[in-house]
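A.B. asks: One-letter residues, chain by chain:
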Amino acid sequence: MQEIEILGRGGQGAVTTAYILAEAIFLEGKFSQAFPFFGVERQGSPVFGYVRISDKNSFPIQHVYKPEISVVFEKSLIKLAKGKRLISSPKTVDAQKIAIETIGKPVFGTVLLGALVKSTKVCKPKSVEKAIKKMFDCKETADKNIKAFRRGYDETTN
Amino acid sequence: MMKQLIEGSHAVAEMVRLCGPKVIAAFPITPQTHIVEKLAEIVAQKKLDAQFINVESEFSAISVILGAQAAGVRTFTATASQGLALMHEVLHATSGLRMPLVMVVANRALSAPINIWGDQSDSVAQRDTGWIQLYAESIQEAADLIPQAYKIAEKAQLPVMVCMDGYYLTHTKEVADIPTSLKGFLGNYKPKIVLDPKKPITIGPLANPDYFQEIKKEQDKALRDSDKIVSKVAKEYSTKFKRKQTGLVEGYKLKDAEYVFVSMGSIITNAKLVVDQLRKEGDKVGILKIGCFRPFPAKEIKKALSGKQVAVFEKESYRALYSEVKASVPDAKIVSYVGGLGGRDITVNHVRTMFNLEKKKDGDELWVA
Numbered sequence: 000m001q002e003i004e005i006l007g008r009g010g011q012g013a014v015t016t017a018y019i020l021a022e023a024i025f026l027e028g029k030f031s032q033a034f035p036f037f038g039v040e041r042q043g044s045p046v047f048g049y050v051r052i053s054d055k056n057s058f059p060i061q062h063v064y065k066p067e068i069s070v071v072f073e074k075s076l077i078k079l080a081k082g083k084r085l086i087s088s089p090k091t092v093d094a095q096k097i098a099i100e101t102i103g104k105p106v107f108g109t110v111l112l113g114a115l116v117k118s119t120k121v122c123k124p125k126s127v128e129k130a131i132k133k134m135f136d137c138k139e140t141a142d143k144n145i146k147a148f149r150r151g152y153d154e155t156t157n
Numbered sequence: 000m001m002k003q004l005i006e007g008s009h010a011v012a013e014m015v016r017l018c019g020p021k022v023i024a025a026f027p028i029t030p031q032t033h034i035v036e037k038l039a040e041i042v043a044q045k046k047l048d049a050q051f052i053n054v055e056s057e058f059s060a061i062s063v064i065l066g067a068q069a070a071g072v073r074t075f076t077a078t079a080s081q082g083l084a085l086m087h088e089v090l091h092a093t094s095g096l097r098m099p100l101v102m103v104v105a106n107r108a109l110s111a112p113i114n115i116w117g118d119q120s121d122s123v124a125q126r127d128t129g130w131i132q133l134y135a136e137s138i139q140e141a142a143d144l145i146p147q148a149y150k151i152a153e154k155a156q157l158p159v160m161v162c163m164d165g166y167y168l169t170h171t172k173e174v175a176d177i178p179t180s181l182k183g184f185l186g187n188y189k190p191k192i193v194l195d196p197k198k199p200i201t202i203g204p205l206a207n208p209d210y211f212q213e214i215k216k217e218q219d220k221a222l223r224d225s226d227k228i229v230s231k232v233a234k235e236y237s238t239k240f241k242r243k244q245t246g247l248v249e250g251y252k253l254k255d256a257e258y259v260f261v262s263m264g265s266i267i268t269n270a271k272l273v274v275d276q277l278r279k280e281g282d283k284v285g286i287l288k289i290g291c292f293r294p295f296p297a298k299e300i301k302k303a304l305s306g307k308q309v310a311v312f313e314k315e316s317y318r319a320l321y322s323e324v325k326a327s328v329p330d331a332k333i334v335s336y337v338g339g340l341g342g343r344d345i346t347v348n349h350v351r352t353m354f355n356l357e358k359k360k361d362g363d364e365l366w367v368a
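Order-wise, the sequence lines are chains B and F. Per numbering that gives the first Met the number 0, the first sequence starts with residue 0, numbered consecutively. Per numbering that gives the first Met the number 0, the second sequence starts with residue 0, numbered consecutively.
Bear in mind the hints are in silico, worked out from the structure with no lab data behind them. Idealized CB from N, CA, C, for every residue including glycine. Just to be clear, a hint being listed does not mean it is correct.
[What the hints assert, rightly or not] To give an idea of the interface, some chain F residues facing chain B are shown, with a C-beta separation under 7 Å as derived from the structure:
hint, residue
1, Tyr167
2, Leu277
3, Thr346
[Unchecked claim] Just a sample of chain F residues kept apart from chain B, beta carbon distances all over 10 Å, derived:
hint, residue
4, Arg126
5, Tyr166
6, Lys172
7, Ser237
[As the list claims (entries may be wrong)] Covered stretches of chain B, as calculated for chain F (at least 3 residues, CB under 8 Å):
hint, segment
8, 59-72
9, 96-103
Can you build the whole structure from these sequences, using the hints too?
C.D. replies: Next comes the structure, spelled out in structure tokens:
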């Protein structure tokens with residue numbers, strides 16, 4: 000079982016990012032579990048999105064304490080990350096800049112998913128694109144996020 | 000059936016849609032909100048022919064659906080925590096009027112201190128309101144319990160509360176198998192009593208001391224006897240959808256177990272992982288999962304736990320489950336654990352420590368995590 004932690008602030012889309020990743024994994028025929036842990040339910044407070052991946056549909060129902068990877072939305076949150084491996088903005092990729100250029104606002108989960116998939120090969124980029132389409136009913140939002148995801152993927156070098 | 004990665008709240012909403020309530024009334028409260036938000040969307044998209052009534056409080060939500068149910072239709076609402084507490088008066092009225100309502104409770108701690116996270120202090124506090132109470136272990140089970148709840152309610156002429164741990168089950172996405180139709184399991188609603196201006200009757204008139212008690216005695220009998228209905232409906236659902244349902248209780252590796260963990264809700268999933276591991280290490284451990292808290296399956300519990308060393312774990316500080324298990328099984332060593340309050344994470348490791356019963360005394364009341 001693989002565990003991933005996605006760490007953002009309320010309103011940035013950490014939970015949606017966890018859901019998209021879990022869907023992409025499921026679309027590849029594996030099992031996944033995704034769930035949020037909110038500090039408090041308001042914009043700006045730290046929010047954890049957890050994802051578990053396995054070949055079996057059997058997961059504990061508890062927080063993720065020792066994630067293999069932490070995806071971190073901004074520098075100020077790095078101190079909360081528990082992962083052995085760090086994917087973060089702006090270090091891995093300048094997710095905020097790409098999000099503003101592609102989506103038009105600083106919700107950059109899909110950009111960071113691009114970075115995650117490129118550097119860890121946790122799933123295929125095509126699966127994430129399908130998952131994004133499934134997540135957003137609005138075609139325009141889906142298209143913008145796919146663009147953001149692709150740029151995140153392309154502009155990640157390690 | 001369709002296997003999909005689905006959020007617990009949405010799985011429940013989809014199953015409610017299949018059951019076809021005609022009136023849904025709700026007031027938003029975390030962590031229940033996603034259930035009724037999804038249902039509002041389903042109604043707006045005309046995927047369910049129902050009236051969705053937004054109300055100004057949970058007291059009104061339950062009152063609206065009680066009235067609608069009396070007018071002869073299936074209904075639905077969902078709530079949590081303070082919302083459920085605010086409904087308290089109407090919960091008694093609902094069971095006393097023998098109205099087969101179905102409500103989902105997304106378990107959340109009661110204030111004070113204010114807290115939005117999960118524990119079972121809200122629904123367990125409503126234990127004596129005359130409702131049947133079922134507790135889900137997983138998203139799959141929460142979904143499967145919805146049509147069973149309607150069937151049980153309508154057969155027993157009693158309201159049913161389906162309880163699912165807030166966040167752990169409501170906000171989590173897991174792979175679940177969601178039926179596309181309930182045909183052959185749940186038919187159209189056939190109400191036994193209907194408020195109809197064309198054929199006027201009175202529901203809930205004054206009952207004097209000379210027959211009030213008879214009515215309450217009948218209601219009590221109906222609740223006690225509903226254990227058979229809960230079991231039967233679980234069996235029917237298991238057969239129809241090829242998935243074993245819990246019904247009253249589920250024993251897990253119980254047969255030769257010397258140490259047994261007893262609880263209800265999502266913690267059972269973690270407990271099963273612990274038992275699988277401890278069994279590999281040679282320990283004779285098992286689980287008794289309580290699927291139905293009201294009516295209390297005392298007979299089944301006694302049979303399963305007699306002579307064993309038992310850890311009862313509950314996510315409220317009343318130790319209600321403990322006191323009832325203790326009263327049901329006089330010949331077992333029973334240790335009471337309280338934990339997981341206000342969203343405190345109870346991990347696989349915590350459950351493992353609860354199996355260390357050897358040095359504990361019967362009647363020990365402990366806290367975990």
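A.B. asks: State the violated hints by number, sorted upward, taking the hints as numbered earlier in the document.
C.D. replies: Of the numbered hints given earlier, those the structure breaks are 2, 5, 6 and 9, listed in rising order.
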